[in-house]
Amino acid sequence: MEWFRDRCVSAGLPCTHQRQVLYRALLRTEDHPSPEMLFDRVRMDIPSISLGTVYRNIRTFLDSGLIGEVSLHHGSLRLEANNEPHHHFVCTQCRTMFDLPTEGLDEIQLRRPLPKGFRVNRFHVEAHGLCAACASKKPRR
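Heads up, the sequence shown is in the working numbering, so the first residue is 4 and it goes up one at a time.
Worth flagging that the hints you see were computed from the coordinates, not collected in a lab.
Computed Cβ-Cβ distance ranges for the label pairs, DEER-style:
(1) Gly132 - Glu72: 19 to 25 Å
(2) Cys18 - Ala130: 32 to 38 Å
(3) Leu30 - Arg62: 16 to 22 Å
(4) Ala136 - Leu113: 33 to 39 Å
(5) Ala138 - Arg8: 38 to 44 Å
(6) Asn124 - Arg8: 25 to 31 Å
(7) Ala135 - Ala14: 37 to 43 Å
(8) Arg8 - Glu87: 17 to 23 Å
Glycine included, each C-beta is placed from N, C-alpha and C at the ideal position.
Using the sequences and the accompanying hints, generate a full structural model.
So this is what it looks like as structure tokens:
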């Protein structure tokens with residue numbers, strides 16, 4: 004949380020109680036919650052918080068680089084506090100996501116040049132498959 008407070012100060016953001024509770028809730032999770040999931044968790048600590056307040060603070064966090072946005076093509080916006088380079092596993096059935104460390108993955112290299120004017124800022128790998136819970140379920144008939 005000290006890092007969060009320092010980043011708020013350097014970004015010129017007030018480090019309010021609501022923002023601290025939101026960020027702490029995000030730090031405590033590994034499932035890359037949607038804003039609605041984060042809202043449900045934060046309401047345990049701040050019952051009067053509104054979904055609009057959660058969304059506004061999430062946008063502020065994203066714009067300030069305090070949190071990351073995970074792959075928009077999985078439906079709802081998914082969030083994470085892990086700003087270290089890493090990749091993700093996505094369950095194709097229940098949409099559970101978890102981090103995959105970069106260790107053990109070969110370095111990604113392009114074999115062909117990008118179109119003129121394009122440049123790569125970062126690579127992000129997603130492994131798609133079934134999580135342990137979904138893989139252990141018997142298929143429906």
